[in-house]
Each structure stands twice: as C-alpha cells, then as structure tokens.
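The task is simple: from the sequences and hints, build the whole structure.
Taken in sequence, the protein lines are chains A and B.
Heads up, the working numbering is the position in the first sequence plus 855, with the first residue counted as 1.
Heads up, the working numbering is the position in the second sequence plus 855, with the first residue counted as 1.
Simulated from the structure, these hints should not be mistaken for laboratory data.
A couple of the hints might just be wrong.
Unchecked claim - Reference excerpt, derived from the structure (chain B facing chain A, CB under 8 Å, subset only): (1) 889; (2) 891; (3) 895; (4) 903; (5) 904; (6) 910; (7) 915; (8) 992; (9) 1073; (10) 1138.
Claimed, not checked - Chain A residues, not near chain B, derived (Cβ > 10 Å throughout): (11) 863; (12) 883; (13) 1052; (14) 1097; (15) 1157; (16) 1169.
C-beta: ideal position from N, C-alpha, C; glycine also.
2 protein chains.
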Amino acid sequence: MTIGGEHARIARLAAIYRGTPSRDVADYGIDVAIGDDAAVLVPPPGEKLVWTVDEQVDGTHFRRDLVSLHDVGYRAFMAAASDVAAMGARPWCAVSSLVLPATLNDAELDELAEGTREAADEIGVRVVGGNLARGPALAIGTSVLGTAKRALTRSGARPGDGLFVAGALGLAAAGFRALDTNVHDARIVLAVAAWRRPRARREAGLAAGASPHAHAAIDISDGLAQDAGHIARASGVAVVLHAAALINHGGLDLMGASDALGMSSVELCLYGGEDYAVVVAASAPIDGFTRIGDVRDAREMPNGARVYLGDWNGERAIDEVGFDH
Amino acid sequence: MTIGGEHARIARLAAIYRGTPSRDVADYGIDVAIGDDAAVLVPPPGEKLVWTVDEQVDGTHFRRDLVSLHDVGYRAFMAAASDVAAMGARPWCAVSSLVLPATLNDAELDELAEGTREAADEIGVRVVGGNLARGPALAIGTSVLGTAKRALTRSGARPGDGLFVAGALGLAAAGFRALDTNVHDARIVLAVAAWRRPRARREAGLAAGASPHAHAAIDISDGLAQDAGHIARASGVAVVLHAAALINHGGLDLMGASDALGMSSVELCLYGGEDYAVVVAASAPIDGFTRIGDVRDAREMPNGARVYLGDWNGERAIDEVGFDH
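This is how it looks when you write it as structure tokens:
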C-alpha cells in the first residue's frame, strides 16, 4: 500500500534500484522486481533461505546532524545484510520499507536510496521491492533474503572450539562517541568512517559457511560481550575472551581512537556495537578470521557465568551488556 | 539489532508466535524461527517465491482511538498477506518489524502480537522472525513470503478477458468513514467490521493461480479505480467497470452503509480502499469470483483513458484516484 500520489516516487526508487549489481553472482532468479504487488523470485535448487529484517529509526539509530542520508541508507542496508552474512549465507535480494516524514523531499529520498543501492551493490544484492508510508520520523526497514547450503546458527559451539572474529570490534562505537561528543582528532578518522559506513562481512561469512570446522556464528551488532553471550547461551557453553587478542585485533586504529577519546580499547571491543563483525566458534582456523577466545564447558567455569575476560589477572566473568541505541 | 534490554520482549513475542498454525499446510520447511540472527527456511522444490512488505503507521494507517491494538496487529498482517494472495501464491512465512513508542507497555505489545498471530493463523502463515526498535510512533512492518508454481502479475490482461473480483469493494472504506465521523447505525456494523478486520483472499488467490484462464491480478488496497488502472497500464489495455455489477456485488451490506452515510455505493466501490479484494483478468469465470467488468483494446476506446465506468448513460472515463491514507 502506498500513500496517495506517491507513484512517481516509486518510479524514482525503481530507477535507482534497477541496473546490474556490481557482483553478477546475485543477479539470478529475479522474475519480477519493483512495480507489481510483490517480487517474484526463483530460489536456487537445493539451497536454504536465510531471512532477516532490521529497522533503523531517526533519533534512535542515527541522528541526521551526524550522518548524511546517503550514509543512513548505506548503514541501514548493511545492518540487515550482516545478519545473513553471519549465518554463512550468500545475500541475494532485499526489500526496503521506508517511513518518510512529510518534510523529506524527492532529492533527499534519492540520496537515501542511492546509499542503499551502493551498499546493496557492494554486497551483491538486488533491491526487488519495498513500501512507502508517511510517518512522523524517518525509518528504514530492510529485509534481506540469502541462500545457503547450510546455515550457521548461534547454537552449535562446542567446548574446545576457538572463538574467531572477522571485522573490527569497537571501532564504530569509538566513531559514534567522537561524533556525539564533537571530538575532532586525526586518530579517530577511521573510527568515524567505520561508524558511518559499516560493512556486512559477506566474504568472511561465506568462508565460515563453507568450513566444516565452523560450528556457530553471530554478528556483533550490540557489542561482543552481549553477542558472545548469545552464542554461549544458545550453545549451552561458556566463552573466554582474551584481552590481549582483542587489543591486538583492534590494532593501531582502535588504540588511536581509544587514546583520543580517553576510553579503554578493551571496553570498546567488549561493549561497542554496530561494527557488524562476524564471530565464529570453530574447531580450526578459518581464512580471514582472527582468534580472540575459547569455548569452554560451562560446568567447569567458576561461577555459572557465560562470558569471561582473560588477562594477566586471570579469567573473570563480565557483564553481558550491550550497546544501547 | 534490538534495543538494549529488550530480550525479554523478544521472548514474549516468540512465545506468542510459536505453536502450530491452524492450517497445517504452511508449517513446512521452517528450520530456524525466532531467536537467531535470521530465520532459516527450506523452500518447496520447483516453486517460485513471492515476496512483499507492507507498513502500517499510527496516525497514517490507523488511529488508536478507532481500533484496538489487537485489530492493528491483525490488519497489518492482512495488508501484507493480501499482496501475496493476489499473485495466486500460497502465503508461507512472515517477519514482523515493530517500531514501538516508549509508552507502549508489555501488555499492549502482547495484544498487538496476538492480533498478528490470529491473522497469520487464519492465512496459514508462521511468523518466523522480526525486529524491535524504539521510535516516536507505533509502526508495524510486515514482510510475507509465499510460494507458487506460477505468479499472476498485473501485466497479463488481454482484450476480451472479463474482470472478476473476490471480496468486498468499498465496505471497509464505509466502515472507516463511519468510525471517523462517529456515525452509529445498525446498517454500518458489517462495514465497520470489514475495516477493522479485513481478510487477505487466500483461497480466491489460490483458485486464480490454479486457473489456466487467469491472466493478471491485483489486490485492491487503494481503491478499484486506481488498482484496475494499474492492471490496465501494466497490461497495455483498458478496462470497463459495470456500475450495476458493482452495486450487485456489494449487495445489501454496502447499500445499507451507503444509505447510512449518505454516500453512493458506486463511489464507495470505485474509490474505497483497504478491503483487500482480489481482482483478476481472466478469459473464463473462476470459482469464488464475480464478474464486474471487461478488458478492452485501449486503442478502441474513445479518449485514451485506461479505466471506464459503464452504466445506463454509456461508458465514460473515470479518474484513477485512490484511497489516501
């Protein structure tokens, strides 16, 4: 259902989303895209579907004084695609449901959609449908379908597995903090870019999905401490994160941002969200991933907690709290 | 991505959406439902997917003084499922993205979700995932996946086809008008019910999809005049709607509502939306459908218009305007 007189806007969006994605892999099986009651797709035979939806709301997930509409569209797409990538699936098609305030003009709508198109292109996804509605605040709902021979859930981690990560940890959170507190410093440039333009970990996810050693996976949207806790609880295990490995993995970019903001690198890694890194529990290393911890038998851990941080003081349980939007 | 501290709410929703749908037909191929990064589905071999999204926003599509949260959840689901039904597809699974104002409490969230669950049950659909986000106004984004051997698009109507409808026309619009203008009259009881609890035309859609005579279809969300125009333009034809057939099809319910509101039955049929009737262009009658018009060669029509109304005065072009939310 569309708002009255919005057919011209649907045509604008269809023009932006039309055209060949930059990766040919995703451009298969699309019988009908934007312009009918629904999209019509032919799924690849023998594959499962992996399906998610994410919503980004003005004032909750972004502030228009901190980020361009192009980046809002880009970020919204990546947040949704990340869920599909983290299950080891190949992102395929998306639909985009936009709630638009009456003040948003056509040029602004184009800018938003072009950001989404750019992100979809990078991930090899075609936007095949959507919806326009009017509302008091800009909101972007993005649903992504992916395909996979098998899907990595949160629930397969086994004691003895390593915990591996692909993608930044804490960097986007540092960037958001810098923008929010108006810190300008050469050391946070990459962190700000990480927050404005996060990237779903398509290749890493596919590598994990293809590895017989990978047992469970999740994307880090709410912070490592909380999301590692999701794997631990779903799998009935405990996880120990290594502080030194986190700092090492974060590298100079994170240390620079941490210095500029006066925050600890390890805290940024544990509690910063929106990097959309992928964390995998696996019995052997996977290309593109760095080891940051271990999976343990929960019954052998001291106090019944699920997530521990290991450093020179030993291993202590940490709170599974996350990034609050 | 979820708002911080909302895991308990996801568990509440998962409990509401769990359990066997009342129609067993849809409960296949669901490997992973709510609780992981994404749902995992096994599509039926050899079938196409039909995929849509719809969004209902407080203040635009409904007003909480006119409708219960249960009905809001019900309506939001049916609006989305209707797009899938109107392509002749079997609705299968859904994801629900909720934007919740801070004032909405757990009991209200349950009521909303129970309305969605009831509608999903009626249509034989399982809700397999979703998202929770905070925002200034309640908004319900519903994405529905269906499956079909073939999908009926808007673009296959041929001169010589009849135009057929299943479901009410104008009744929901009469109900909304009665609520909005505070009219209380025994003659509008069914119209109010039609607006509060519209029903996606699953069986009619499946009958159309299975008929070799059906060439094109659409659901009436914005009013017959506009949506018949979509079929006409997409198919490169013109359509003539018969006033007497519309009045006949609307029956006593619509005539009563029309009398009580002082509005013409034909105008309600042409310009009233949100009944989610299905209109099909077909070369022979289809079970459950009533004939309301003809498909014509556009070049043989007098003035280049696409949609005409035929009555005792002859055939005249009518405006393809729709229901403005």
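Status of the hints after comparison with the structure:
Taking 8 Å as the C-beta contact cut-off toward chain A, the hint placing residue 889 of chain B at the interface is violated, the least distance being around 11 Å. Using the Cβ-Cβ criterion of 8 Å, the hint placing residue 891 of chain B at the interface with chain A is satisfied: the shortest such distance is roughly 5 Å. With a cut of 8 Å, the hint placing residue 895 of chain B at the interface with chain A holds, because the nearest CB-to-CB distance is about 4 Å. A least Cβ separation of about 6 Å between residue 903 of chain B and chain A falls short of the 8 Å threshold, and the interface hint therefore holds.
Nearest Cβ of chain A to the Cβ of residue 904 of chain B: about 4 Å, under the 8 Å cut. The hint holds. With its C-beta approaching chain A no nearer than about 4 Å, residue 910 of chain B sits inside the 8 Å limit, and its interface hint holds. Of the supplied interface hints, the one on residue 915 of chain B holds, with its beta-carbon coming within about 5 Å of a beta-carbon of chain A, less than 8 Å. A cut of 8 Å between beta carbons decides the hint on residue 992 of chain B: the least distance to chain A is about 5 Å, and the hint holds.
Look at residue 1073 of chain B: its Cβ gets to within about 6 Å of chain A, closer than 8 Å, so that hint holds up. Violation of the interface hint for residue 1138 of chain B is found here, the shortest Cβ-Cβ separation to chain A being roughly 21 Å, above the 8 Å cut-off. No Cβ of chain B approaches the Cβ of residue 863 of chain A within 10 Å, the least distance being about 14 Å, so the stated non-interface status holds. Every CB of chain B is more than 10 Å from the CB of residue 883 of chain A (nearest about 13 Å), matching its label as outside the interface.
Listed as outside the interface, residue 1052 of chain A is consistent with that label: its C-beta sits roughly 17 Å from the nearest C-beta of chain B, beyond the 10 Å cut-off. With a least beta-carbon separation of about 24 Å from chain B, residue 1097 of chain A lies farther than 10 Å from that chain, consistent with its non-interface assignment. At the 10 Å boundary, the C-beta of residue 1157 of chain A stays outside the reach of chain B, the nearest C-beta of that chain being 24 Å off. The Cβ of residue 1169 of chain A sits about 29 Å from the closest Cβ of chain B, beyond the 10 Å cut-off, so the non-interface label holds.
This entry does not satisfy hints 1, 10, going by the numbered hints stated previously.
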